[in-house]
Structure formats: structure tokens, C-alpha cells
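Enquirer: One letter stands for each residue in the lines below.
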Amino acid sequence: AQSVTQLDSQVPVFEEAPVELRCNYSSSVSVYLFWYVQYPNQGLQLLLKYLSGSTLVKSINGFEAEFNKSQTSFHLRKPSVHISDTAEYFCAVSETGTYKYIFGTGTRLKVLA
Amino acid sequence: EADIYQTPRYLVIGTGKKITLECSQTMGHDKMYWYQQDPGMELHLIHYSYGVNSTEKGDLSSESTVSRIRTEHFPLTLESARPSHTSQYLCASSGDRGGSPLHFGNGTRLTVT
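Each protein sequence line maps, in turn, to chains A and B.
Note that this note's numbering has the first sequence beginning at 79, numbered continuously upward.
Note that this note's numbering has the second sequence beginning at 5, numbered continuously upward.
Because the hints were derived from the structure by calculation, they are not lab data.
Misleading hints may appear alongside valid ones.
What the hints assert, rightly or not - No farther apart than 30 Å at their CA atoms in a straight line, the calculated lysine-lysine pairs in the DSS-like style are these: (1) A:LYS178 with B:LYS22; (2) A:LYS136 with B:LYS22; (3) B:LYS61 with A:LYS136; (4) B:LYS35 with A:LYS178; (5) A:LYS147 with B:LYS35; (6) A:LYS127 with A:LYS147; (7) B:LYS35 with B:LYS21; (8) B:LYS35 with A:LYS127.
As the list claims (entries may be wrong) - Covered stretches of chain B (chain A as the covering partner; in silico rule of three or more C-beta atoms under 8 Å from a C-beta of chain A): (9) 46-54; (10) 67-75.
From a predicted model like this one, the values you see are computed outputs, not experimental measurements.
Even for Gly, the Cβ is constructed at its ideal location relative to N, Cα and C.
Construct the entire structure; sequences and hints are all you get.
Expert: Pasting the structure below:
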């Protein structure tokens with residue numbers, strides 16, 4: 079069965095430092111992968127997605143994630159974080175041919191001044 | 005602008021009351037979903053719909069019910085609210101193509117006293 083693991087529940091990091099938020103999944107078939115961001119008192123917003131093709135995908139605000147099939151991972155990275163990146167980040171997977179999405183438990187990123 | 009709307013944003017209600025959480029989308033999506041979100045937990049799918057007059061229960065057992073009489077509208081009803089129903093409820097929709105991301109509303113935070 080599908081599952082998504084985000085091992086880090088909280089990640090504190092200083093402003094302008096790099097950050098990596100880890101995501102591992104399990105599935106026996108091909109998957110689509112997503113990262114969502116949730117700011118306080120808001121719903122989730124799509125940050126980036128991997129459907130096929132290039133394994134490195136990028137968002138417009140400097141985040142990137144790399145699909146690694148052999149390690150079943152889709153880690154999210156940013157080379158230099160801003161205070162405004164403080165939020166909760168959710169990794170999600172959807173198996174091809176289905177319309178169900180499985181979410182991880184989220185990682186709370188706190189950027190410190 | 006295409007979007008997905010949830011009302012109310014916050015609701016505090018007494019035990020035993022009947023409540024309906026509203027969700028509407030203007031994107032013409034056939035697929036709609038209700039998720040329950042608790043702190044530190046993954047999002048749990050409680051209901052989904054693939055189109056008008058189609059509703060299915062999700063992976064998390066819920067005492068709520070849903071209806072889908074119109075494409076754009078997917079309300080969730082609790083006949084008799086209990087404190088265990090206290091949670092955040094997120095509505096989402098997605099397009100028909102494989103790998104279409106979920107679009108979320110801002111959520112309804114429900115507190116049952």
C-alpha cells in the first residue's frame with residue numbers, strides 16, 4: 079500500500095542558510111509526487127510536482143525537489159531560505175491510474191532571524 | 005479567478021447540533037475531496053466524489069455525509085456533532101488528467117464543545 083514518510087516533524091534553520099526537507103514514499107507502481115506548503119490558517123498550496131521526465135523540478139520561489147526512484151525519495155531543497163518560508167510543508171503521492179492522494183505528516187519549517 | 009471556497013472559516017458549536025460545511029469551486033472540476041487535518045498528522049481522506057451524484061467514503065471512517073448535486077458544490081454534513089469531531093476540514097478539487105494536483109480551500113476549523 080502507498081505510504082509517505084516525512085521523518086522530520088520540525089526543522090529550524092537560520093535565514094539565508096540552505097535547507098532540505100526529506101520525503102520517502104512506498105509504492106509498487108509508478109507515482110506522481112507533490113510538495114504542498116501550508117501557511118497558518120490557510121489551506122495547502124501546490125509548491126511543485128513531479129509527473130515524468132526530468133527528475134529535478136523547481137518552483138518559482140527557489141525551491142527544488144529531485145525524484146530518486148531507486149531510493150523512493152522526493153526531498154525538497156532550497157539553497158537560501160527567507161523568513162517568509164516559515165510554514166508547514168507536506169509531501170504527497172498519487173499512484174498513476176488513481177485519483178487518490180496520500181500525504182505525509184508534514185514538516186514544520188521555522189526560519190530564524 | 006478560478007478558486008475553491010469554504011465557509012465558515014471557523015465554527016464553534018455545541019454537542020448534538022447539526023452542521024453543514026460548505027465547499028464550492030469555480031474551476032469546473034469533476035473530482036472533489038474532503039480531508040480531515042489534525043496537528044502533527046497526515047491529511048486523512050474522509051469523502052470524495054468523481055462527479056455529480058457520485059460520492060464515496062475515504063480511508064478514514066467518518067460519521068459525516070456528503071452530497072454532490074451540482075458540479076461546483078460539495079457540502080459536508082454532521083447530523084449530530086460531538087467533541088471528537090473537533091478538527092480542521094479541508095475541501096479540495098482536481099482536474100481529470102492523471103497527475104492533476106489538488107486545489108485546496110482555506111479550510112473550516114470546527115470546535116465542538
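Enquirer: Which numbered hints does this structure break?
Expert: Going through the list in order, the structure violates hints 2, 3, 10 and respects the others.
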